[in-house]
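As they're listed, the protein sequences go chains P and H. Our numbering numbers the first residue of the first sequence as 1 and each following residue consecutively. Our numbering numbers the first residue of the second sequence as 1001 and each following residue consecutively.
Calculated from the structure, these hints are not laboratory results. Where is the CB? At the ideal position from N, CA and C, for every residue including glycine. Hints may be right or wrong, so weigh each one.
Pair by pair, the computed Cβ-Cβ distance ranges are [what the hints assert, rightly or not]:
| id | chain 1 | residue 1 | chain 2 | residue 2 | range |
| --- | --- | --- | --- | --- | --- |
| 1 | P | Arg22 | H | Val1022 | 37 to 47 Å |
| 2 | H | His1027 | P | Arg171 | 48 to 58 Å |
| 3 | P | Arg96 | H | Gly1019 | 39 to 49 Å |
| 4 | H | Val1054 | P | Arg22 | 43 to 53 Å |
| 5 | H | His1027 | P | Gly213 | 15 to 25 Å |
| 6 | H | Glu1059 | P | Ala77 | 17 to 27 Å |
| 7 | P | Ala38 | H | Glu1059 | 20 to 30 Å |
| 8 | P | Ala132 | H | Leu1015 | 24 to 34 Å |
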Amino acid sequence: MTWGVVVFPGANCDRDCAHVLRAVLGADVVEVWHADRALDGIDALVLPGGFSYGDYLRSGAVAATAAIMPALRAFAAAGGPVLGICNGFQILTEARLLPGVLMRNRSLRFRCHPVWVRVESVATPFTAGLRAGEVLQMPIAHGEGAYLAPPETLDALAAAGRIVFRYCDARGRVVPAANPNGSAAAIAGVANAAGNVVGLMPHPERASEALLGSSDGRRLFESAAAWVASRRPAASGAAR
Amino acid sequence: MPTVRITVMLKPGVLDAPGQAVRAGLHALGYPVETARVGKVIELAVPDALRAQVDEMCERFLANPLIEAWTVEEREAVR
Chain P
1 MTWGVVVFPG ANCDRDCAHV LRAVLGADVV EVWHADRALD GIDALVLPGG
51 FSYGDYLRSG AVAATAAIMP ALRAFAAAGG PVLGICNGFQ ILTEARLLPG
101 VLMRNRSLRF RCHPVWVRVE SVATPFTAGL RAGEVLQMPI AHGEGAYLAP
151 PETLDALAAA GRIVFRYCDA RGRVVPAANP NGSAAAIAGV ANAAGNVVGL
201 MPHPERASEA LLGSSDGRRL FESAAAWVAS RRPAASGAAR
Chain H
1001 MPTVRITVML KPGVLDAPGQ AVRAGLHALG YPVETARVGK VIELAVPDAL
1051 RAQVDEMCER FLANPLIEAW TVEEREAVR
């Protein structure tokens, strides 16, 4: 299993992601430079958090024009698992690979603390190994994480099961007090129509070792690894 | 070379949190303005051959059409 971690100028969670994938999961990791144009040999891709291009223009907007993006679009179109974390989520929405937009937190404050999210969909590589309705703890660290989309888009996402995570309290109740940024419908993560591209604001890579207070986030990476492994025989054409 | 000035503003109805913060700051200084809206100004020196594509640039990149609207005005060349 080989993961790719795309490194944009101003990313600051790329090494954390590579550490978790390499040292905790024991996977191979390729750091993919934003100016690269190919993703050969990559099984799953992470767009890490940070402040790509200084958040100039809009968070994620400039990264969405990077040289690697055509290869990333092709990888996603072919069904490859792509996980955008925080700024990576913003990049995926700006690239229009995911619907909606991440706006300034309603509080106007940068929010940096653990949150709880409820798994709303297990129809993605990153949640296939989880149970719908279970509650995960992961930290957030963002100033622009308020998810917004037109009402008809929100309805369509909900109807299609494309809302992947919702902010909730420790008991899994989606209540206003548990929504850290004013996201519509308490959305913390969404998927594309095919389910293989997922973006979320919380940081699973910062919750992948018990030492850091939670290892819930690791399960997203483990889920995708199992998902990739389960598809290998089919990919090689073996009939069984 | 012709210069265009593009003004990008949040669409009506989209919460303008920075605008609200600016309004609150002005109120704190004793200026009770009714509203404040915060947007962006982008100036481009555009070759004639590209002038017709300025709207496309806004739609694809300079603005996010989900939440932002833009206006384009012709300017004198900026030095």
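Each hint tested on the structure:
no.	hint	in the structure
1	P:Arg22 with H:Val1022: 37 to 47 Å	45 Å, holds
2	H:His1027 with P:Arg171: 48 to 58 Å	40 Å, violated
3	P:Arg96 with H:Gly1019: 39 to 49 Å	26 Å, violated
4	H:Val1054 with P:Arg22: 43 to 53 Å	46 Å, holds
5	H:His1027 with P:Gly213: 15 to 25 Å	40 Å, violated
6	H:Glu1059 with P:Ala77: 17 to 27 Å	22 Å, holds
7	P:Ala38 with H:Glu1059: 20 to 30 Å	29 Å, holds
8	P:Ala132 with H:Leu1015: 24 to 34 Å	31 Å, holds
The structure does not agree with the numbered hints 2, 3 and 5 stated previously, though it agrees with the rest.
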